[in-house]
Amino acid sequence: MPDSQPILEVHDLHVHFKMLAGIVRAVDGVDFTVERGRCLGIVGESGCGKSVTARSILRLLPSSDTSGQILYHPDGDGQPIDLVSLDAKGDAIRAIRGKDIAMIFQEPMTSLTPVYTIGEQIMESIRQHQNLTEEEAQELAISMLNKVGIPDAERRFGDYPHQMSGGMRQRVMIAIALCCEPRVLIADEPTTALDVTIQAQILRLIRSLQQDLDMSVIMITHDLAVIAQLADFVVVMYLGQMAEKAPVVELFQDPKHPYTQALLRSIVRPDTPPREQLHSISGSVPDPRNAPSGCRFRNRCPSVHDRCVEDPPVVQFGPQHSATCWLYVDE
Amino acid sequence: MPDTPILQVENLSKFFPVQRGLLRRTVGHVKAVNDVSFTVNKGECLGLVGESGCGKTTVARCLLRLVEPDQGRILLHGEQQTFDIASASRKEMLDVRRQMQIIFQDPFSSLDPRWRVTDVIAEPLMAQKVGRGEAGRRVLDILPTVGLGPHFADRFPHELSGGERQRVSIARALIVSPPLVVADEPVSALDVSVRSQIINLLLDLQSQMNLTYVFIAHDLSIVKHISHRIAVMYLGRLVELGTTQQVFEECKHPYTKALLASVLIPDPTHREQSYVLEGEVPSPLNPPSGCHFSTRCPFAQEQCSTEEPDLRDMGGGHWVRCHFADELDLSEEIFAPQFDTPTASN
Ligand SMILES: Nc1ncnc2c1ncn2[C@@H]1O[C@H](COP(=O)(O)OP(=O)(O)OP(=O)(O)O)[C@@H](O)[C@H]1O
Ligand SMILES: Nc1ncnc2c1ncn2[C@@H]1O[C@H](COP(=O)(O)OP(=O)(O)O)[C@@H](O)[C@H]1O
Ligand code: SF4
Ligand code: SF4
Ligand SMILES: [Mg+2]
Ligand SMILES: [Mg+2]
Chain A
821 MPDSQPILEV
831 HDLHVHFKML
841 AGIVRAVDGV
851 DFTVERGRCL
861 GIVGESGCGK
871 SVTARSILRL
881 LPSSDTSGQI
891 LYHPDGDGQP
901 IDLVSLDAKG
911 DAIRAIRGKD
921 IAMIFQEPMT
931 SLTPVYTIGE
941 QIMESIRQHQ
951 NLTEEEAQEL
961 AISMLNKVGI
971 PDAERRFGDY
981 PHQMSGGMRQ
991 RVMIAIALCC
1001 EPRVLIADEP
1011 TTALDVTIQA
1021 QILRLIRSLQ
1031 QDLDMSVIMI
1041 THDLAVIAQL
1051 ADFVVVMYLG
1061 QMAEKAPVVE
1071 LFQDPKHPYT
1081 QALLRSIVRP
1091 DTPPREQLHS
1101 ISGSVPDPRN
1111 APSGCRFRNR
1121 CPSVHDRCVE
1131 DPPVVQFGPQ
1141 HSATCWLYVD
1151 E
Chain B
9 MPDTPILQVE
19 NLSKFFPVQR
29 GLLRRTVGHV
39 KAVNDVSFTV
49 NKGECLGLVG
59 ESGCGKTTVA
69 RCLLRLVEPD
79 QGRILLHGEQ
89 QTFDIASASR
99 KEMLDVRRQM
109 QIIFQDPFSS
119 LDPRWRVTDV
129 IAEPLMAQKV
139 GRGEAGRRVL
149 DILPTVGLGP
159 HFADRFPHEL
169 SGGERQRVSI
179 ARALIVSPPL
189 VVADEPVSAL
199 DVSVRSQIIN
209 LLLDLQSQMN
219 LTYVFIAHDL
229 SIVKHISHRI
239 AVMYLGRLVE
249 LGTTQQVFEE
259 CKHPYTKALL
269 ASVLIPDPTH
279 REQSYVLEGE
289 VPSPLNPPSG
299 CHFSTRCPFA
309 QEQCSTEEPD
319 LRDMGGGHWV
329 RCHFADELDL
339 SEEIFAPQFD
349 TPTASN
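As they're listed, the protein sequences go chains A and B.
Numbers given in our numbering equal positions in the first sequence, counted from 1, plus 820.
Numbers given in our numbering equal positions in the second sequence, counted from 1, plus 8.
Once the Cα atoms are required to be at most 25 angstroms apart in a straight line, the calculated SDA-like pairs of lysine to any residue come out as:
| id | chain 1 | residue 1 | chain 2 | residue 2 |
| --- | --- | --- | --- | --- |
| 1 | A | Lys909 | A | Asp885 |
| 2 | A | Lys1076 | B | Asp275 |
| 3 | A | Lys967 | B | Ser291 |
| 4 | A | Lys1076 | A | Arg1118 |
| 5 | A | Lys967 | B | Pro290 |
| 6 | B | Lys50 | B | His326 |
| 7 | A | Lys967 | B | Arg279 |
| 8 | A | Lys967 | B | Glu286 |
| 9 | A | Lys967 | B | Pro306 |
| 10 | A | Lys1076 | A | His831 |
| 11 | A | Lys1076 | A | Arg1127 |
| 12 | B | Lys50 | A | Arg1095 |
| 13 | A | Lys838 | A | Ser887 |
Some chain A residues flagged as far from chain B (calculated, every beta-carbon gap over 10 angstroms):
| id | residue |
| --- | --- |
| 14 | Gln941 |
| 15 | Leu1029 |
| 16 | Phe1137 |
No lab work stands behind these hints: they were computed from the structure.
For every residue, glycine included, the Cβ atom is placed at its ideal position computed from N, Cα and C.
Make the full structure from the sequences, and use the hints.
Below you can see the structure in the form of structure tokens.
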């Protein structure tokens, strides 16, 4: 395996939505690197900014709200491109979106158009980025549907989204995302609405396509089990900020941030004694408009102390492991 | 504790007509619940699991008579009297609702958004013709039981977090002090950190108030954690029923095994333990002949597609619907491994 090479680097990303009721700091200083052929997991509870981070990479948010750097390294010797500097409606990002970087959205039903057949929708996406004849495009579309495990693909080609189950729609979304062989696939909660059985199928599919196409994946989820099974490297987010970053085994075996520690303790594992009280985190995630100053986790943190009213520092625990917390800094 | 039944479900069926065309002609029936029988004992938690569309919610709705069962008896052994919910009169149902309540996944979706928390919680009392003043007092009494301060009484649903809404919905179910509570996916919509709070609350309330639960969830780890016994459904049929130990550690139905094998383990050093069940639940309008699971079962034989197996007693209260329940060895890893172990990333 060659040394890790970055394909996407996110530096100091901020996404602030200016609302009548105040500013929502949906993403506030996020840094991470996606390596070639690897899976980066982003985990956190609802509202912590996972989807906004994903959408900002594809520049699906207004430029005025986004700041920081998102460096995309194309294949070959090409210079890195700062996606944040591109015009959100311009040709440059449009050439990248769907072609180099593709996304599977959280709700497959809302991202598929109800009035077109799934075949038409895949072909539309193929035609946007590739110069193929009608027949070639159709052939490719059907082979994609086969590849994502849709039985009887030639017949299902003419189906409308509502004629398919949730799992099948998610497969169609994956087919659309993968038809141009993207270098990076962003999967936003691709299995949250699905049964455990279908979830296992879809995750297996994403994993095997990742290997076949030597693709990088950003897997966004609130489920630590999905992270444990798929990610190589993990970013834990809380209220728009990064709590912790680490290689997956290190994160599960030696979590440093009190939020990561609490999350990992609160999940039911195969060996959790039945019917005993589970570990839990008091309170719930506050409205981002009322996020505490300093450490945003401090109103729920069991280790909170005086310094936590100030912004906590990023503390390094290894070349790739860091946590944003005061605990590890001497007073 | 001797097993005293509080609820006995006998041969319960619910078929929904499927209508097509302008004239809304009935073209078939979805057998949402098909000849289901089980017993729930006082003080226990019975877990109900299965893939989506297998009939869990319909069972729950029949228990409360929110839909009319087509067949079967639902015997509720109340403090004074036994009711057959399936045939109870309107007046008897008032009594039944004092003994059994339901917690929905999202209790507010069906309610008027202009109602305040206090109205939402008091609603079952109003149905019992309790006066407004008395109802208001009882709401204030129950709020701390579910971990909410009195100031929540005047809030509107949209002013609550997901966890707080679920607490309100638990309070609403418990306000009439029912001995039996049916919970349909009570934690599925909640964040991880809040989910464990609600599970703890349900466990606490059960021991404090000696409650009996029927607990529906698709998260098998949580069902395992909270349940004493577990019922597994597939396409309207009960396919396995037993103690949590029997169903999780000694399961005898290939479908149960497949469900358990699909659970992702939250440990990155154990990726080789995940398995996948192929295919999807077939249409309930046209379930496969013979054993409904035969189209996905890795052990299916010829007999399976022609003859439907009975639910058989395997001893010790362990019931299994499979022709080969006593022959199959499900301890083996029967489905192919899915995820490889993580590559070292340094
Ligand atoms: N009112 C109805 N009319 C027609 N079919 C219905 C109705 N309610 C439920 N069904 C069908 O009955 C079957 C069982 O439904 P039910 O909602 O009880 O399943 P479930 O296992 O609880 O599913 P989920 O986990 O998705 O909630 C499904 O095929 C469903 O489509
Ligand atoms: N277009 C928008 N305008 C204003 N606020 C937004 C917008 N999109 C997202 N937000 C807010 O940003 C925060 C993070 O959202 P999101 O990324 O969707 O969270 P997640 O996907 O982790 O659940 C939330 O508080 C959300 O309400
Ligand atoms: S900075 Fe303070 S409040 Fe924040 S996680 Fe660390 S100890 Fe807890
Ligand atoms: S009866 Fe046959 S098809 Fe059904 S579960 Fe048993 S072995 Fe599988
Ligand atoms: Mg999201
Ligand atoms: Mg349901």
